[in-house]
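Asker: Single-letter residue listing:
There are 2 protein chains.
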Amino acid sequence: MPQTLNINQADFEACFLALLTAKREDSPDVDAIVADIIADVRARGDDAVIELTEKFDRLNLTPDTLAFSREEIMAHCATVPTVEREALELAADRIRAYHARQLPQDAQWEDETGAELGWRWTPVSAAGLYVPGGLASYPSSVLMNAIPAKVAGVERLAICVPTPDGVTNPLVLLAAHIAGVDEIYRIGGAQAIAALAYGTETIAPVDKITGPGNAFVAAAKRRVFGKVGIDMIAGPSEILVIADGDNDPAWIATDLLSQAEHDESAQSILITDDAEFGEKVMQAVTRQLETLERRVIAGASWRDFGAVIVVNDMAEAAALSNRLAPEHLELCVADPDGLAAQITHAGAIFLGAWTPEAIGDYIGGPNHVLPTARSARFSSGLSVMDFVKRTTLTKMTPASLAAIGPAAEVLAISEGLEAHGLSVRARLDKLNR
Amino acid sequence: MPQTLNINQADFEACFLALLTAKREDSPDVDAIVADIIADVRARGDDAVIELTEKFDRLNLTPDTLAFSREEIMAHCATVPTVEREALELAADRIRAYHARQLPQDAQWEDETGAELGWRWTPVSAAGLYVPGGLASYPSSVLMNAIPAKVAGVERLAICVPTPDGVTNPLVLLAAHIAGVDEIYRIGGAQAIAALAYGTETIAPVDKITGPGNAFVAAAKRRVFGKVGIDMIAGPSEILVIADGDNDPAWIATDLLSQAEHDESAQSILITDDAEFGEKVMQAVTRQLETLERRVIAGASWRDFGAVIVVNDMAEAAALSNRLAPEHLELCVADPDGLAAQITHAGAIFLGAWTPEAIGDYIGGPNHVLPTARSARFSSGLSVMDFVKRTTLTKMTPASLAAIGPAAEVLAISEGLEAHGLSVRARLDKLNR
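Protein chains in written order, with my numbering: chain A, 66 to 498; chain B, 66 to 498.
Simulated from the structure, these hints should not be mistaken for laboratory data.
For glycine and all other residues, C-beta sits at the position ideal for the given N, C-alpha and C.
Among the clues, some could well be false.
[Stated by the list, open to error] With a straight-line cut-off of 20 angstroms between C-alpha atoms, the simulated DMTMM-like cross-links for lysine to aspartate or glutamate are:
| hint | chain 1 | residue 1 | chain 2 | residue 2 |
| --- | --- | --- | --- | --- |
| 1 | B | LYS215 | B | ASP247 |
| 2 | A | LYS120 | A | GLU137 |
| 3 | A | LYS292 | B | GLU90 |
| 4 | A | LYS345 | A | ASP309 |
| 5 | B | LYS88 | B | ASP313 |
| 6 | A | LYS215 | A | ASP171 |
| 7 | B | LYS292 | A | ASP94 |
| 8 | B | LYS120 | B | ASP105 |
| 9 | B | LYS292 | B | ASP96 |
| 10 | B | LYS345 | B | GLU355 |
| 11 | B | LYS292 | B | GLU266 |
| 12 | A | LYS345 | A | ASP311 |
| 13 | A | LYS292 | B | ASP94 |
| 14 | A | LYS495 | B | ASP313 |
| 15 | B | LYS215 | B | GLU154 |
| 16 | A | LYS292 | A | ASP105 |
| 17 | B | LYS495 | A | ASP311 |
| 18 | A | LYS88 | A | GLU329 |
| 19 | A | LYS345 | A | GLU355 |
| 20 | B | LYS88 | B | ASP369 |
| 21 | B | LYS345 | B | ASP402 |
| 22 | B | LYS345 | B | ASP313 |
| 23 | B | LYS292 | A | ASP96 |
| 24 | A | LYS292 | B | ASP96 |
| 25 | B | LYS215 | B | ASP171 |
| 26 | A | LYS88 | A | ASP369 |
| 27 | B | LYS292 | A | GLU90 |
| 28 | A | LYS88 | A | GLU78 |
| 29 | B | LYS495 | A | ASP313 |
| 30 | A | LYS495 | B | ASP311 |
[As the list claims (entries may be wrong)] A few chain B residues that don't get close to chain A, going by computed Cβ distances all over 12 angstroms:
| hint | residue |
| --- | --- |
| 31 | MET66 |
| 32 | GLN74 |
| 33 | LEU84 |
| 34 | GLU177 |
| 35 | ASP247 |
| 36 | ASP311 |
| 37 | GLU341 |
| 38 | MET347 |
| 39 | LEU385 |
| 40 | ASN497 |
Kindly produce the complete structure, drawing on both the sequences and the hints.
Answerer: This is how it looks when you write it as structure tokens:
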């Protein structure tokens with residue numbers, strides 16, 4: 066059974082702190098292995114990638130078969146039932162429409178000295194997207210990573226998806242096709258990240274790598290960070306539901322389990338101002354767990370990391386939520402907008418009982434790649450902004466240099482950087498001549 | 066003497082590649098030492114910070130003197146000459162005005178199904194800024210880090226600046242005061258980063274850490290990344306000047322030296338379509354190096370990493386520039402705006418011969434914390450965006466759930482996530498009843 070806490074109990078602060086700092090993730094130390102793999106791929110390119118794929122995925126590839134051919138992709142896509150294809154297409158359309166609004170604006174203006182200032186946004190030229198194989202191979206994640214990149218204007222988008230024993234998920238290929246992915250390689254693990262970052266004879270290097278992965282992939286992304294850009298290192302998923310007593314306990318229970326079923330390390334928390342309602346949700350979870358397909362995983366997550374917290378009012382709920390900084394936050398209350406206004410840290414908010422979190426995982430439009438493990442305190446979900454970068458622009462006129470140049474010279478000299486000062490002084494002298 | 070290359074020479078591609086991949090930075094492996102320091106600060110808090118400060122900075126502190134008092138700050142600030150104070154204030158005003166335009170907009174709209182979608186930006190609650198002590202203790206960097214944070218709305222901004230042997234730079238304190246910094250601690254190194262990330266009895270933890278530092282600081286920032294947000298890990302500074310023959314060779318030479326004087330690992334490159342002009346700039350650099358205060362540093366940088374590249378036309382210059390993805394790019398050409406339009410990767414562009422790069426270091430308005438080592442391919446300079454984060458918003462109505470919910474259910478089932486599907490289905494069933 067999960068923890069039940071009441072904000073009025075004497076040891077609440079200690080219990081809540083324990084919940085806040087609970088270590089949910091095993092981080093096996095694979096760094097040395099990953100360093101060797103990256104060095105091997107840098108030194109031997111395709112040969113190394115092919116050998117490692119044979120070793121880890123029991124798959125014999127050649128440079129010519131590292132990538133899926135267009136024919137193979139089309140053949141796999143053709144096996145997808147129409148209802149699933151249409152669902153993917155609807156999801157893609159909605160994700161594209163949402164993210165298109167994130168494209169940032171260039172700016173240019175003249176300041177009071179006559180100088181022109183501004184900035185310009187440009188897309189990353191080439192991006193790589195890692196897609197896990199096996200159990201966690203989610204076509205929805207392909208859409209969520211690939212579409213923001215394409216909306217940003219990334220010209221070349223490559224996917225790496227391992228196919229252990231040659232087993233391919235046609236939905237992943239279809240999602241990539243719908244999203245406009247340019248290249249799909251059937252490789253995985255640290256070797257795939259190394260190939261994307263450094264390139265091989267067959268795989269051109271990219272500038273940015275995103276997407277989830279296991280401990281090897283995460284360690285490899287950390288290692289190549291700097292050589293290329295990376296997205297966040299995602300931890301186990303989590304949901305916080307804030308619900309009043311006017312909800313159907315069964316709905317809330319299912320919402321909690323929809324997070325718990327991801328992973329034994331996932332975390333589902335309910336905060337309510339109605340202790341009796343909290344009890345009913347606990348009972349509903351227990352009941353639903355009896356028949357749920359993934360009851361072993363969901364049950365372990367709920368038992369080890371689940372919690373029901375009873376508060377006196379919704380202001381207390383908001384304050385606790387801000388300390389948790391949850392990845393997903395459902396507000397199943399009478400005035401969800403009013404409560405949302407009190408939330409300062411959260412990856413995504415789902416407003417009202419008609420908005421189950423699963424809508425955001427698939428089809429709502431916003432991204433489902435979101436900050437975990439309290440990192441919503443300082444970071445955001447994946448977006449178009451992850452695939453663009455800003456160049457600042459400055460254009461002085463002789464008059465504007467005369468107006469502000471002397472101050473730059475003063476500061477340069479105060480920092481002991483003479484040539485900085487001289488580069489301004491030479492121009493000022495010409496004006497004074 | 067630096068390298069001189071002509072794009073028409075037979076081995077140009079090999080030489081340019083060597084320039085592109087030259088390792089300019091020693092990265093001493095201090096990771097084990099840093100891990101110990103962080104563990105010590107986490108375990109012993111103030112005591113560890115105080116002991117390490119005594120060891121590394123030869124400074125005896127107590128919990129009460131870890132931070133500068135308001136009186137100390139004011140006393141130091143009072144020693145700054147008026148001309149320097151006014152220059153700092155002008156710089157702060159201009160940086161504030163530029164960055165105020167970067168504040169991102171919230172968004173909310175209704176889609177065609179009646180669902181409300183959008184996002185909201187909120188500031189990071191607390192940020193920490195590292196300021197190096199000694200030679201590289203730059204008040205301008207305090208302004209460039211602190212002002213974007215304050216513009217973003219960060220409530221609590223703490224600075225760590227080591228004061229080895231008690232030596233304090235009054236300009237750094239004044240810059241912090243002008244920028245509105247809330248707390249200034251006289252500690253440095255990995256112990257300062259650990260204190261900011263994990264907190265001590267005296268120093269409350271922050272959510273995001275920015276600012277430059279030595280190898281220990283950089284390693285510590287990498288280690289605490291995830292627990293808190295960090296900015297980029299900055300490498301040695303660099304400038305690329307693209308100049309035609311209509312420039313004063315002395316101006317361009319000084320601009321190149323203003324980057325070279327930062328650091329022996331800095332890099333200054335000139336690309337010109339006028340070989341004779343390139344020669345003149347080389348001669349001017351040699352001449353100016355005879356008297357420059359920091360001639361040992363600037364001379365070593367120019368000798369080891371400088372280059373003059375002669376191209377046939379400015380389109381070639383732009384193409385090479387995009388491969389270099391320079392931190393700073395000066396366009397000293399007849400039509401700088403036209404050339405800038407061909408630039409796809411650069412941290413900051415300075416347009417026209419009246420815009421020396423040093424203006425951007427101090428007073429132009431844009432940030433001087435910029436992506437180095439070709440990372441402008443995938444990242445941007447520091448900005449207000451580094452101190453805010455986005456929460457996505459989704460609010461379904463019964464009708465919008467009826468419209469798109471079934472597709473979410475299909476996708477959930479295709480991914481084997483039954484509870485995800487059930488959380489949608491339970492609501493759809495209620496509608497159909």
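Asker: Against this structure, judge whether each hint is valid.
Answerer: Cross-check of the supplied hints:
1. LYS215(B) with ASP247(B): OK: LYS215(B) and ASP247(B) at ~10 angstroms, within 20 angstroms.
2. LYS120(A) with GLU137(A): violated (23 angstroms)
3. LYS292(A) with GLU90(B): Given pair LYS292(A), GLU90(B) holds - Cα atoms ~14 angstroms apart, limit 20 angstroms.
4. LYS345(A) with ASP309(A): Status holds; Cα separation ~12 angstroms.
5. LYS88(B) with ASP313(B): The given pair, whose Cα atoms are some 31 angstroms apart, is violated under the 20 angstroms limit.
6. LYS215(A) with ASP171(A): holds (19 angstroms)
7. LYS292(B) with ASP94(A): holds (18 angstroms)
8. LYS120(B) with ASP105(B): Given pair LYS120(B), ASP105(B) holds - Cα atoms ~14 angstroms apart, limit 20 angstroms.
9. LYS292(B) with ASP96(B): Since the Cα atoms of LYS292(B) and ASP96(B) sit roughly 17 angstroms apart, the hinted pair holds (cutoff 20 angstroms).
10. LYS345(B) with GLU355(B): Roughly 16 angstroms between the alpha carbons, so the hint for LYS345(B) and GLU355(B) holds.
11. LYS292(B) with GLU266(B): Roughly 18 angstroms between the alpha carbons, so the hint for LYS292(B) and GLU266(B) holds.
12. LYS345(A) with ASP311(A): Judged against 20 angstroms, a Cα distance of about 12 angstroms means the pair holds.
13. LYS292(A) with ASP94(B): holds (18 angstroms)
14. LYS495(A) with ASP313(B): Judged against 20 angstroms, a Cα distance of about 11 angstroms means the pair holds.
15. LYS215(B) with GLU154(B): holds (15 angstroms)
16. LYS292(A) with ASP105(A): Answer holds: LYS292(A) to ASP105(A) is near 17 angstroms, not above 20 angstroms.
17. LYS495(B) with ASP311(A): With Cα atoms ~15 angstroms apart, LYS495(B) and ASP311(A) stay inside 20 angstroms; holds.
18. LYS88(A) with GLU329(A): Measuring from Cα to Cα gives roughly 12 angstroms; hence the hint holds.
19. LYS345(A) with GLU355(A): holds (16 angstroms)
20. LYS88(B) with ASP369(B): holds (11 angstroms)
21. LYS345(B) with ASP402(B): Distance of about 25 angstroms is beyond 20 angstroms: violated.
22. LYS345(B) with ASP313(B): Distance of about 9 angstroms is within 20 angstroms: holds.
23. LYS292(B) with ASP96(A): Status holds; Cα separation ~19 angstroms.
24. LYS292(A) with ASP96(B): Holds - the C-alpha atoms of ASP96(B) and LYS292(A) are around 19 angstroms apart, at most 20 angstroms.
25. LYS215(B) with ASP171(B): Distance of about 19 angstroms is within 20 angstroms: holds.
26. LYS88(A) with ASP369(A): Roughly 11 angstroms separates the two Cα atoms, so the pair holds.
27. LYS292(B) with GLU90(A): Holds, at about 14 angstroms.
28. LYS88(A) with GLU78(A): Roughly 18 angstroms separates the two Cα atoms, so the pair holds.
29. LYS495(B) with ASP313(A): holds (11 angstroms)
30. LYS495(A) with ASP311(B): holds (15 angstroms)
31. MET66: The claim holds: MET66(B) sits with its nearest Cβ about 18 angstroms from chain A, beyond 12 angstroms.
32. GLN74: holds (26 angstroms)
33. LEU84: Given a closest Cβ separation of 17 angstroms, the condition holds.
34. GLU177: Incorrect as stated: the minimum Cβ-Cβ distance to chain A is 9 angstroms, not above 12 angstroms.
35. ASP247: holds (18 angstroms)
36. ASP311: For ASP311(B), whose nearest Cβ neighbour in chain A is about 14 angstroms away, the distance exceeds 12 angstroms, so it holds.
37. GLU341: holds (21 angstroms)
38. MET347: It holds; MET347(B) is separated from chain A by about 16 angstroms at its closest Cβ, greater than 12 angstroms.
39. LEU385: Label holds. Min Cβ-Cβ 15 angstroms, cutoff 12 angstroms.
40. ASN497: About 14 angstroms separates ASN497(B) from the closest Cβ of chain A, which puts it past 12 angstroms; holds.
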